[in-house]
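S.K.: Got chain A sorted already, so can you dock chain B onto it with the hints?
What follows is the residue order along each chain.
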Amino acid sequence: MTSFNFDTPRLPAEALAERSRARDFLANELAEQRYPSHVTTWSSFDADFSRRAGAAGFIGMTWPKAYGGRELSSLTRFAVTAEMLAAGAPSFAHWIADRQSGPQILAHGSERAKREILPRICRGECYFGIGMSEPNSGSDLAAVRTKATRHNDGWRINGSKIWTSNAHHAHYLIVLARTGDAGADRHGGLTQFIADLSQPGVDIRPIYNLAGAHEFNEVFFDDFLVPEDMMVGAEGSGWDMVTRELAFERSGPDRFLSDYRLLVELIERVGNDPDARQAVEIGRLVSHLVSLLTMSLSVAELLGRGKSPNLEAALVKDVGTNFERDVPEVARRVLPVEPSVDREGDLFAQAAAQVILNAPSFTLRGGTREILRGMIARGLGLR
Amino acid sequence: MNPDTIAADDITTIVHDQADRLFRDLISPKLLALCEREPWPAEVWAAIEESGLPLALAPEARGGIGLSMAAVGGLIALAGYHTVPLPLAETILAQALWSRAAGTVPEGPAALAPANSADSVTIEPCADGYRLAGNSRSVPWGSHVTNIVVFARNEQREGFLVLVPGFMTWSTVSSNLAGEPRADVVLSGIVVPDSLVRPAPRELTHGLMPVGALVRAFQMVGAMRRVVNQAVEYAGERSQFGRPIGKFQAIQQQLAEAAGHLAASEAACARAASEVDGPDFLFFAAVAKSRAGEAAGKVAEICHQVHGAMGFTQEHTLHFATRRLWSWRDEFGGEAYWQEIVGRTACAGGGPALWPRLNAFS
Chain A
0 MTSFNFDTPR LPAEALAERS RARDFLANEL AEQRYPSHVT TWSSFDADFS
50 RRAGAAGFIG MTWPKAYGGR ELSSLTRFAV TAEMLAAGAP SFAHWIADRQ
100 SGPQILAHGS ERAKREILPR ICRGECYFGI GMSEPNSGSD LAAVRTKATR
150 HNDGWRINGS KIWTSNAHHA HYLIVLARTG DAGADRHGGL TQFIADLSQP
200 GVDIRPIYNL AGAHEFNEVF FDDFLVPEDM MVGAEGSGWD MVTRELAFER
250 SGPDRFLSDY RLLVELIERV GNDPDARQAV EIGRLVSHLV SLLTMSLSVA
300 ELLGRGKSPN LEAALVKDVG TNFERDVPEV ARRVLPVEPS VDREGDLFAQ
350 AAAQVILNAP SFTLRGGTRE ILRGMIARGL GLR
Chain B
0 MNPDTIAADD ITTIVHDQAD RLFRDLISPK LLALCEREPW PAEVWAAIEE
50 SGLPLALAPE ARGGIGLSMA AVGGLIALAG YHTVPLPLAE TILAQALWSR
100 AAGTVPEGPA ALAPANSADS VTIEPCADGY RLAGNSRSVP WGSHVTNIVV
150 FARNEQREGF LVLVPGFMTW STVSSNLAGE PRADVVLSGI VVPDSLVRPA
200 PRELTHGLMP VGALVRAFQM VGAMRRVVNQ AVEYAGERSQ FGRPIGKFQA
250 IQQQLAEAAG HLAASEAACA RAASEVDGPD FLFFAAVAKS RAGEAAGKVA
300 EICHQVHGAM GFTQEHTLHF ATRRLWSWRD EFGGEAYWQE IVGRTACAGG
350 GPALWPRLNA FS
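Going down the list, the protein sequences come from chains A and B.
Mapping the first sequence onto numbering that gives the first Met the number 0, position 120 (from 1) lands on 119, and the numbers just tick up by one.
Mapping the second sequence onto numbering that gives the first Met the number 0, position 251 (from 1) lands on 250, and the numbers just tick up by one.
Next up, chain A with everything else stripped away, as it sits in the complex (with noise of 0.2 Å):
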């Protein structure tokens, strides 16, 4: 029988303390006008922000003390990200580091990289990139040609990464590179690596997106020398560490809250008496934001228990980035815009431009919506 192992938790006390302690440092930060809530989002990098969340202890918030975390609960931590995606707080800094590359070293880094790495990533001063998408690897994960060969003095590194985000502000980038044979099922030798891109051999170049912003890199790696002790986790291990690492990107809230904003902006320019047809509107779009919240809750708990949801991680992204596509149509329909990144003073037309301009890339990163309905169709038994 279909079943989903989805379940409705309730946040524990020091959850709701953390939350609540995150809802007055984002009040502030709004107070103080320290960023434009009504077009930035999770993949907004800002420097500043970052460290002011790390000194207030909200990144790496599960992590052992001795490594500079807080060893708080995973579904405190569910509770503060939520907080901050509701917000619009420009996390993107920190984001990579925080919700993967951390918990990838913590589990499977050596003594060193933990020491040297996770309190900076803590502090909010130390960022890092995905380096797992190649030129002809997007999709198909396993075909990945960047070559890693051992050499006395550690791994060299040749090939190149693209759709980098960060690249070109990351202290680190976790490079999934073949080091063996694939195998029959094409899984087999990758091995994942902590490149310090303050290290020569490597070259980052900009690709611009469609809304003009420098978010993607292409990352070439001539000769780039990794030590030893900054391969993650064995040698030839890295598929199923990116597996369980594509968990824990994909069911996140950051798959259903890209462009919340927007339909808070949506909501303060209906007003407290919407007419029968806005109501509706909002009110389903509503609807499917309370299910993934729910669903999500539920996945950071299995997580947290080291459970291995993968098929309720891609559910969430799937239905969660469909979700994000659907709420800029709805806005249009709602109420009558003409989207503009630079109307000033409209925060509504300015908050639609901004999520026009980025809903393609919601259902392509972390994986496309036609990659994660395999994922899905696999767990129903069809494949």
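Hints are not guaranteed to be accurate.
What the hints assert, rightly or not - Computed footprint of chain B on chain A; a stretch qualifies when at least three of its residues, placed anywhere within it, have a C-beta under 8 Å from a C-beta of chain B: (1) 4–14; (2) 36–46; (3) 271–279; (4) 285–296; (5) 362–373.
Stated by the list, open to error - Computed list of chain B residues with no C-beta within reach of chain A, every gap over 12 Å: (6) Arg61; (7) Pro200; (8) Glu202; (9) Glu265.
By construction, these hints were calculated from the structure, which means they are not laboratory data.
All C-beta atoms, glycine included, are put in the ideal place defined by N, C-alpha and C.
M.R.: Structure of chain B alone, referenced to chain A:
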């Protein structure tokens, strides 16, 4: 986990397993087809009553099983999965609500009224007790039950529950798309003694519609689970172009989309069940019915598409669940009705107030 929780989880599992076996034994395509001509399979109801399942939500002190709303939702979803052609969900609610209000469990199958957003019933004291006014259209099973639990308001807008014996009502019967009987019940002029009238329990501030909507949402989750299973199974069996159609990405993508709708509906129902005693139950019940109702249409569409012409025949069993989905989504309020409530609530406090409401989880 404390010992009480473990015990409660165990009891839930036992009840769910028992219900699954019972429904599997009792409900066949032949029975379902027969029920559409002759709508009350008395021996099936007798077996369900014998099992004690109608008492799932009634408090233990009143002889009930005392399950949580979430656990009862799971049971009701199973009834939806097996398309039980009887008012089990309504009776579970009626017995729980009346026993909470009056201290006794009413005998026999029961219906709930009003069951749509357009009807309301009023109540006023009279010499022999209380007199009702108003009619209630399309009451599920209203013509076949021992009692109808009616929600009525007096002139001061205070809510009451009234246990109206079925024999006192007069009704015109029609059927929903799955051939389940729906009755336009005339309540005006009915006089009931004091013993059949109770102030409505606190959780019924907004009448029976929110709880009715939530049980329909759970039923839809069960029926959606059924048709997704059927479609996955069929896609593995049916071959075209030399391979099972489930190997085609076009089919896989559609079924994955259906699974997403099902998963989101499950989550919305679970959330509403967990909020049943909270101040925002109306909002979360509205979310659940909106989400599951929207999903029901999409999931039925996809599962029919996957089944091809075979699924469109009377011979195939797919329609027992899909016709119920097409009816249940509109009973106890359709999507637009509940979405409007969600939307008005969302807008009432302005943009910044929405988030704390959605994300309470406390």
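S.K.: Hints first: check each against the structure and report whether it holds.
M.R.: Okay, the hints, checked on the actual structure:
Note: the stretch 4–14 of chain A has 6 residues with beta-carbon separation from chain B under 8 Å; the three-residue rule is met and the coverage holds. Coverage of the stretch 36–46 of chain A by chain B is violated [criterion: at least 3 residues with CB-CB distance below 8 Å; count 0]. Look at the stretch 271–279 of chain A against chain B: 7 of its residues bring a Cβ nearer than 8 Å to a Cβ of that chain, three or more, so the hint holds. Three residues within the 8 Å Cβ limit are the bar, and the stretch 285–296 of chain A against chain B gives 11, so the coverage statement holds.
With 4 residues bearing a CB less than 8 Å from a CB of chain B, the stretch 362–373 of chain A meets the requirement of three and the coverage assertion stands. With a closest Cβ-Cβ approach of about 27 Å to chain A, Arg61 of chain B is found to remain outside the 12 Å limit, as its non-interface label requires. Against the 12 Å criterion, Pro200 of chain B stays outside the reach of chain A, whose nearest CB is about 23 Å from its own CB. The beta carbon of Glu202 of chain B is kept farther than 12 Å from every beta carbon of chain A, the shortest such distance being approximately 18 Å.
Its closest Cβ contact with chain A, about 6 Å, brings Glu265 of chain B to no more than 12 Å, contrary to its assignment away from the interface.
Comparing the model with each numbered hint stated earlier shows that hints 2 and 9 do not hold.
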